[in-house]
Amino acid sequence: MSPRWTTATLALLVLACVACATPGGSPQALPDIKPGERPALDTDEAGLWMQMDRVEENLKTSGRLLADANLTAYVREVVCKLIGPYCPDIRIYVVQTPHFNASMAPNGTMQVWTGLILRSENEAQLAYVLGHEIAHYLRRHSVQLWRDVRSKSTLLVYFNVLTAAAGLGFVGPLANLAALASVYAFSRDNEREADEFGLALIVQAGYDPREASRIWEALMKERTATKDSAPFIFFATHPSTEERIDTLKDLAQKATAGAGQAVIGRERFLAATLPLRAMLLRDELRRREFGGSQVVLDRLLEGGVRLGELHFFQGELYRLRAEAGDAAKAVAAYEKALGYEDAPAETHRALGLLFSKAGEKVKARSAFERYLERQPAAEDRHMINTYIRQLE
Amino acid sequence: MGSRLPHLRLALIALLVTGCAQATAFSRTERVPRPTGEVGVLLMQPDIELYEITVAGLLEPKAEWTATAREHVTTALRMELRGKNARLVPYQPPSQNPAKEQAHIQLVKLHDVVGGSILRHQYTPALVLPTKKDKFDWSLGQGVQILREEYDTEYGLFVLFRDSSASAGRKAMMVVAALGGIGIPGGTQVGFASLVDLRSGEILWFNRLINPAGDLRTPEAARKAVQSLLADLPL
Amino acid sequence: MKRTIAALLCMMLGTGCATAYSLVEPRRAPIGDLYTVEPQIPWSAAKAGKMELWTVDGPALQAIRFINGLTDGDALFGGRDKEKRPKFRKAMTPTEIMEFVVDSLASSGLQKVEATNLRPEPFGDVPGFRFEMRFVYGGGLEGQGLVVGAVAKEKLYLIMYTGARAHYYAKHEEDVERLVRSVRMQ
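Residue numbers (this note's numbering), protein chains in the order written: chain A, 1 to 392; chain B, 1001 to 1235; chain C, 2001 to 2186.
It is worth saying that the hints were derived from the structure and are not from the lab.
Hints may contain errors.
Claimed, not checked - Which residues of chain B face chain C? A few of them, derived with a C-beta cut under 10 Å, are:
1) Gly1037
2) Gly1040
3) Lys1109
4) Thr1131
Positions of the beta carbon are idealized from the N, C-alpha and C atoms, including for glycine.
One chain only, chain A, in its complex shape (with noise of 0.2 Å):
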């Protein structure tokens, strides 16, 4: 026979729960972590770091890495000039994929994904999203997240059970927004606390904190820009960015108050990125978003390096996008494009196939051949030779 339970005495077992369920009350600040730390075997923080290890060992053999040295230790130094002595502690690891994020576990791995790399503009920028994941590593806020949710589940659980017990049936959804809400909120706190300390960081290692607000600003036009918020991962755990760029820009005010030759770092950055770029915009465009694709492409249009390979580009996203009247532009940008020098051959090609589609035999045959001539030894020569024929 099942006990009967009253909504009060419910409340109170819920109540009494509270206190059981969340060791030490309201979430405690953990100490900071110190260089070459490891957690002791029998805490809940070195079960984290085990699945971490996995996680990283998985990650070096996943596919999933940019097969890049000099990427990958440019992004090393940068860490390193913000970490100082926790540097030997951290192992870097850029992830091949079109979308913005980076990330730090607290074992000391961190992951850079190349869609961050894409929509950073100079050193400093990237230095300050790192900086930011530095912070959360440093101040242990993942241990604090896992322990929270732990917390917060259990009391969950408790009503579900109980309450399922009373026969009242499921009342988990309001009970998990509630829960959730609240891990929310920690997160946004530690959030904050990861901003102000990755400035910090940056201020210090001499970079020109004004950068720091000019990211963010950029990923929100560029979330304006996109269909639906599912793409942005980075968005999951971090507040909302409009309250973020005033504070960072507060912050970078006071911060720039008397300081000396604060660094930017675009010819460095530029140096260490350009050689991938025309690789990350295929990725990017891969994502099929066009409008936050756009946006990524204007950035770099306003910035000017290698137009001719940045207008091939747009040429392939009105091309691939394929609304009415995109032919056209396509075209219009392809041959923008192939005003500069470093105009890839690709761009004839492309020529080539909107030209046969619209009908232009004698431009089309024609693109196709320069194409040619450019790559005598194009991996699709042979097909490309059959378009020429069927043109004649």
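The hints should help you fit chains B and C onto chain A, whose structure is shown.
Coordinates of chains B and C only, in the frame set by chain A:
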């Protein structure tokens, strides 16, 4: 979960729901000739993870339990194999040679994927492949030669364990739930093992173990688990 | 998706479930509505929408995927957020079809997908194309593939063979080449 067998997760979840201990082995249908005399068995790095199930049903990884379990399981494997007249050689990745290490890693990954395919298409009725029905012909191919180059062993043995135990709070909650007439799963042990012929690449024998009452944190418990897992190892 | 749920329920409830795969005997049989093929060995087959999958050792190790008659606006494998996936357009050239396949595979969990050596090749009695691929599976295992296909009556038909570079691709590569040579229009 950070598992080395990511695509087994779905199969694992389904398995963890079953209630009783079962071990089901497959082996090559033609008689595996029992070796005469001592044989060498290369023990690939056992893939072991231990968890505690919190009250909320979260799987919390336990580093100390895992480290202990790894020791006990390796000892138990050595003892068990000695009883079958087999010399156990522990595998070490060739970390001095990155190219070789990559090749070794690909071979281990191949085994992971083949293992997943065996679990999915040999053990799971709804996904059985007609081309695999009533036979057991899996292989890692000639790529196993890279292991033979380093180790003079006729066989390779791959072992995996996942073990979860209910925390005190969880056990208490199970009692509460039982009073209210609700059943909540406690903890379960799942294990797989495969024996590979390092001369041909063929998987000679594969076993899957599910045990709701298992443990790996003591030498005796680990011994029991390993004995169950290797019960009909054809050596 | 329904099939996966059904399979899961079968797994949990136990016995009496039919397998999702059927046996393909080594004799001439139709694929979709366009052509027939003659396999020389038995295969295990499963169908889902416009795609038919054949395998011997399981799709994670090797698989032939017959894509049958994609129309303008279709994604390669179907799927939930079709919005974001690359789509076939009826006026696509082989160059764009190759890009469509590569981009679709890249957004479906395969990594470092590269396509090479695009060339014309008859598909049955219709002009078509062929190309090769290299990629890395989700867990890090290296893979390779070949694709042959054609556009007929404004619809896309593909035969895509993929497998683990270690052992499993080569295991049935010759069987697949013979299969492709056996394509005959219905």
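Item to complete: Verify the interface restraint on lysine 1109(B): the C-beta must sit less than 10 Å from at least one C-beta of chain C.
Response: holds (4 Å)
Discussion item. Min Cβ distance, threonine 1131(B) to chain C: is it shorter than 10 Å?
Written reply: holds (5 Å)
Fill in: Interface restraint verdict for glycine 1040(B) against chain C (beta-carbon cut-off 10 Å)
violated (23 Å)
Worksheet item: Regarding the hint that glycine 1037(B) lies at the interface with chain C, is the smallest CB-CB distance below 10 Å?
Response: violated (30 Å)
Of the numbered hints given earlier, the model fails hints 1, 2; all others are met.
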